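> As a plain string of letters, each chain reads:
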Amino acid sequence: MNGHVVNLDLQTHRTVQEDLLPWFLSGTLHPADQELVRQHLQTCTQCQADLEWQRRLRAGEPEADPALDAERAYARLLPQLDVRTPGATLAGWWRRALEDNSAWLRWTAGAQFAALAVLALLLVRPAHDDAPYRTLGATVHAEGQLVVMFKPDTSERELRRIVQASGTRLVDGPTVTGAYVLGIAPQQAPLALARLRTETAVTLAQPLAAEGPP
Amino acid sequence: MQVTSSGAGIPVIHVSPADANDARLVGRVADGDRQAFDLLYRGYFPRLTRFLNRMTRSVPLIEEIVNDTMLVVWQKAHRYNADSKVSTWVFAIAYRKACKGIKMADDPVDSDPDQREADVSYEPDNELDRSQLRRVVGDALAALPLEQRTVVHLAYHHDMAYADIADIMDCPVNTVKTRMFHARRRLKLLLADQQEDQP
Numbered sequence: 385m386n387g388h389v390v391n392l393d394l395q396t397h398r399t400v401q402e403d404l405l406p407w408f409l410s411g412t413l414h415p416a417d418q419e420l421v422r423q424h425l426q427t428c429t430q431c432q433a434d435l436e437w438q439r440r441l442r443a444g445e446p447e448a449d450p451a452l453d454a455e456r457a458y459a460r461l462l463p464q465l466d467v468r469t470p471g472a473t474l475a476g477w478w479r480r481a482l483e484d485n486s487a488w489l490r491w492t493a494g495a496q497f498a499a500l501a502v503l504a505l506l507l508v509r510p511a512h513d514d515a516p517y518r519t520l521g522a523t524v525h526a527e528g529q530l531v532v533m534f535k536p537d538t539s540e541r542e543l544r545r546i547v548q549a550s551g552t553r554l555v556d557g558p559t560v561t562g563a564y565v566l567g568i569a570p571q572q573a574p575l576a577l578a579r580l581r582t583e584t585a586v587t588l589a590q591p592l593a594a595e596g597p598p
Numbered sequence: 452m453q454v455t456s457s458g459a460g461i462p463v464i465h466v467s468p469a470d471a472n473d474a475r476l477v478g479r480v481a482d483g484d485r486q487a488f489d490l491l492y493r494g495y496f497p498r499l500t501r502f503l504n505r506m507t508r509s510v511p512l513i514e515e516i517v518n519d520t521m522l523v524v525w526q527k528a529h530r531y532n533a534d535s536k537v538s539t540w541v542f543a544i545a546y547r548k549a550c551k552g553i554k555m556a557d558d559p560v561d562s563d564p565d566q567r568e569a570d571v572s573y574e575p576d577n578e579l580d581r582s583q584l585r586r587v588v589g590d591a592l593a594a595l596p597l598e599q600r601t602v603v604h605l606a607y608h609h610d611m612a613y614a615d616i617a618d619i620m621d622c623p624v625n626t627v628k629t630r631m632f633h634a635r636r637r638l639k640l641l642l643a644d645q646q647e648d649q650p
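So the protein lines, in turn, are chains L and Y. Using our numbering, the first residue of the first sequence is number 385, and each one after it goes up by one. Using our numbering, the first residue of the second sequence is number 452, and each one after it goes up by one.
Careful: at least some of the hints might be erroneous.
[As the list claims (entries may be wrong)] What follows is a set of in silico ranges between Cβ atoms, one per label pair, in the way DEER data are often shown:
1. L/Q432 with Y/D610: 19 to 25 Å
2. L/A585 with Y/L490: 50 to 56 Å
3. L/Q464 with Y/R475: 20 to 26 Å
Bear in mind the hints are in silico, worked out from the structure with no lab data behind them. Fair warning: this is a prediction, and the values are worked out from it, not measured in the lab. We put the beta carbon where it would ideally sit given N, CA and C, even for glycine.
Just chain L, same shape as in the assembly:
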């Protein structure tokens, strides 16, 4: 293990211990961060002990004062509920109007239907643009995923260069911890990982799924 790898481990350890552990417990982290913590915990006894300490703190939630009484409090609130704001009144009037089966409303609904029909006709006309279209969220089948973190002062241009040079594409991120998820075909992932780890601006690069034995 060389010094570079040690630095990566330290960076991950600090991120997990200082920022992520409390929310790992409640399962509210971004999936990439949740996985990062899970992998780190497999080998870090210090974070394991910290996690157990926090579990005990969670279990020790103080109970609310038994003198608090929902029925008594609610009874005091009830007389105030008759006062509604103008916005609420208007919203309620509109909803009641929609439920009302009056003639003018039927005409309005009819006009709206006609307008929608015209718009629908315009939409179903054959399109002339045959260019392939791919949404940003479209899934790349059988794609591997890598978690990468960059030095805080890395420029956007440098980040873009590194991603392009590694042959990956940006799938997700940055998460709140500054991590990015990169996508690549599984068979090309080891090479991309090796390339990313040679970049000085990259502080962490690892597969999103558990890494196999070296």
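We have chain L; now place chain Y onto it with these hints.
Below, chain Y without anything else, positioned relative to chain L:
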């Protein structure tokens, strides 16, 4: 940029069945449905009182803050736009009301750690029974500054994500994480000090 796991680049709020049910109830409350409000009130009363009880010990003040909060829910339900979870919206109202109410009442829960009972262990690793653990943790939490205590309580005892806590407390996410880090460090010191005081 907060990107979802789908990679679509659009922030997505992960909605649990409980969140979805709350959102439906708020929709009905916007229509003036008293029965829906009744359900919402009874559902949130225990959660809000647990939360507020960490900010003030005054029972009348807590009930008043809950009622002020739920009155806003009743009056402004039509303005709830589902950008956040209902729980985040309600807790944010409660937090603002509580900060204002506590300031006016001058009745914070903050206590002097030196004045706490010296006959209990503050180390949660010990084999304490549940009630003793609650007392120990409660006293240690009470010694934290209000902002740190609120973050700890919302994260540990209400399972809220840091982004939701940031919304509730109207501060950046990094501030939430920093408060949590300092709170944990202080809690460890408090608990360790108390253990040393044990005979």
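> Could one say that the CB atoms of L/Q432 and Y/D610 fall in the range 19 to 25 Å?
Holds: the Cβ-Cβ distance is about 21 Å, inside 19 to 25 Å.
> Does the Cβ-Cβ separation between L/Q464 and Y/R475 fall within 20 to 26 Å?
Between L/Q464 and Y/R475, where Cβ atoms are some 24 Å apart, the hint holds.
> Does the Cβ pair L/A585, Y/L490 satisfy 50 to 56 Å?
Given a distance of about 53 Å, which is inside 50 to 56 Å, the answer is holds.
In terms of the numbered hints stated before, the structure departs from none.
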